[in-house]
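Student: The hints should help you fit chain B onto chain A, whose structure is shown.
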Amino acid sequence: MKSIVEQNTLALSGNEAVAYAAKQSDVDVVAAYPITPQTIIVERFSEYVANGEVETAFICTESEHSAMTACLTAALTGARTFTASASAGLALMHEMLFVTSGCRAPVVMAIANRALSAPLNIHGDQSDSMAQRDSGWIQLYVENAQEVYDTIIQAFRVAENHEVLLPAMVCLDGFILSHSLENVNVLPDDVVRKFVGIRQFPNVLTHEGKMAPLKLDPENPMTMGPVAFPNYYFEVKRQQEEAMKNALKIIPQVHDEYAKISGRSYGDGLLEPYSLEDAEVAIVCLGSTAGTVKTVVDELRDEGAKAGLLRIRTFRPLPVNGIRKALEDVKVVAVMDKCMSFGGYGGPVFHEIRHILYEAGKHPTVVNYVYGLGGRDTSPQQIRKIYKDMQKILREKRVKNPVQYLGLRE
Amino acid sequence: MESEWKFTAKDIAEKPDLFMSGHKACAGCAPATVLRLIMKATRGPTIVTTATGCMEVVSSLYPQTAWAVPWVHTAFENAAANASGIDAALKILKKKGRVKHEHVDVIALAGDGGTYDIGIQALSGAVERGHDFLFVLYDNEAYMNTGIQRSGGTPVGAATTTSPAGTVLPGKLEPKKPIADIMVAHEMPYVATASPYYWRDLITKVRKGLEVEGPAFLHVFAPCPRGWRSDPAKSIELSRLAVETCIFPLWEAVNGEYQLSPPSKVYALAPQKKKPVKEYLQMQGRFRHLFTPKFEKLLDEIQRITDLKWQKLLKKCGMA
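Heads up: the protein sequence lines correspond to chains A and B, in order.
Add 3 to the 1-based position in the first sequence for this note's numbering, that's all there is to it.
Add 2 to the 1-based position in the second sequence for this note's numbering, that's all there is to it.
This is chain A alone, in the form it adopts within the complex (with noise of 0.2 Å):
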């Protein structure tokens, strides 16, 4: 796709992509707490403003769930509101991603992927925005800087569509993506305002009886975040899951309308597909895996295997036709997981995969890799293995252990 305008080029970390993009996009407020490897976003975005960059109140809180608190009455308020988080400071926000969504204030809210407590890690994996997944927040997990800087952009648009008004977490890989730099094409700053506009308040009837405008306004008194018992909450929560499904027809909307601008796409917004129209072993994976993973499949390609990727770029809402469409030609299928679900039957993105497939035509076999915890290292080596096993089990027609583990000291 040839771009349609002039773009700088920047040397960026994944997270001063994220601070570019939230400066860029005419943000009010941002309110967040520092966490490694989270912290340059907010240091950067406190430059910006200690600048005169950016027009934004910043709310240097004294905790994440202050952080996510204040986001989210900023947003109620009116404002176009970003934070940032990452592993533990996610899990102490874990009411407050709740009470987001379910008020739906279209809070932006970027992920440098970190794992969880105990023993105490700093390095990349995805237990922490996994063990989100059903907060009723959409995820988008990206593959690099370049990606990180779309995204973000492209989520505000996202978020504050009057068929979405959802909270949104763009995932990054803690520090294979947070903290390496890339080359960042940058829009120009106008390009980007325009693009994601002033925010627009749907018009609701409040109980005076007027139609009024969604938000804190004394002009039109609303009360938001009531007590709704047995005989309402059910359908409010319902609302919350349209709204979702809403989002898989917005995202590749504003998407493609964004790579129209940029000349940037990634598959259709939902799912990338890698070689995968005749592939008969095929891995699914988040985030930046996918690149090592796409190195691997052009050698085996080159080796003449049928080897295919399908990365899931919207986790939630999960694209579950698409997956099923793009896998269900697959002979054998490898899920990466970044992430465990103990006690559980494999991962999380597993869990899904599988039973998506269970309702195809046809069954592809699928497996699990677990991977990656607390920050171990993935080699293209590693990946190789897997599609050598998914020859194997392609070969033999039998799997012998559904769930195993990469890379691990057993």
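Hints should not be assumed to be uniformly reliable.
Here are the simulated lysine-lysine pairs, PhoX-like style, with alpha carbons at most 20 Å apart [stated by the list, open to error]:
no., chain 1, residue 1, chain 2, residue 2
1, B, Lys102, A, Lys213
2, A, Lys395, A, Lys334
3, A, Lys252, A, Lys309
4, B, Lys98, A, Lys197
Taking beta-carbon pairs under 10 Å as the criterion, some of the chain A residues facing chain B (in silico) [to be verified]:
no., residue
5, Asp31
6, Ser66
7, Ala78
8, Gly294
Please keep in mind that the hints were generated in silico from the structure rather than gathered at the bench.
Ideal Cβ positions, reconstructed from N, Cα and C, are used throughout, including at glycine.
Tutor: Positioned in the frame of chain A, the structure of chain B alone reads:
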């Protein structure tokens, strides 16, 4: 610090209720009276946020609301963080021309659980950051919404469901946390205590808290007949006795300078008028066990602690 606002009882009676009738509070609920009085003191556009608790539950049961102002509840421990977000958003949106009101007051309400205990971190943080809001603690001295469990605001000797009076223990062993003094220690511009019996004093203090630039904290005494096992008709009388016994003295600290409020000043100037704490305690079932031979010594101890704290306060007010 004096407010320029002068009002008569008629003004207050005629001002429409912003905390409206029809809410679901119990008979004799002093916190509901407190909220009604607070909202009588507003001076213009106002947004209210409430921590989880009795007053949140009774006022916002969907699809009804008791709030005539924009109102939001999000969780239990974060009323001050709610206010932080609202304050920051209002200021920046005003700057960007996206909010038309010149100024909007922000009031955060929380009970003793949402202030002394689970809410203190968010409160301390918001005050340190200097957000412009009034935090009102309505103190009914236990977790009433969940069934009368003890909090850091429960007084010594009170029986609650998690500090019951048994054969060995006389109810709660520990005294109340000095929450208002803790807030004064934050070097915030305005801290005060109030009681709904002295409604004029209460309304004036709410207004002062709103007028001050930056954070203000108001600690309001608020009897709960259900939790205190007291006569629902006596909540306002208890609110008076708490001041008359100096169990809950009324004062304000403007920029850290303590000053007794008129209703309490009486007892500094004429100590013989001070009533014994027994008069206050005996009206409440939660202290019933203190009037049995086994625990009656604690009555003297409560009197001693009350006198000691009163003397300390007089010293801070330069009236010792």
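Student: If a hint holds in the structure, say so; if it doesn't, say that too.
Tutor: A quick look at each hint next to the structure:
1. Lys102(B) with Lys213(A): 19 Å, holds
2. Lys395(A) with Lys334(A): Satisfied, since the Cα-Cα distance of roughly 12 Å is no more than 20 Å.
3. Lys252(A) with Lys309(A): 31 Å, violated
4. Lys98(B) with Lys197(A): 16 Å, holds
5. Asp31: Check passed: Cβ of aspartate 31(A) comes within 5 Å of chain B, closer than 10 Å.
6. Ser66: Nearest chain B Cβ about 6 Å off; hint holds.
7. Ala78: 8 Å, holds
8. Gly294: Result: violated, 37 Å to nearest chain B Cβ.
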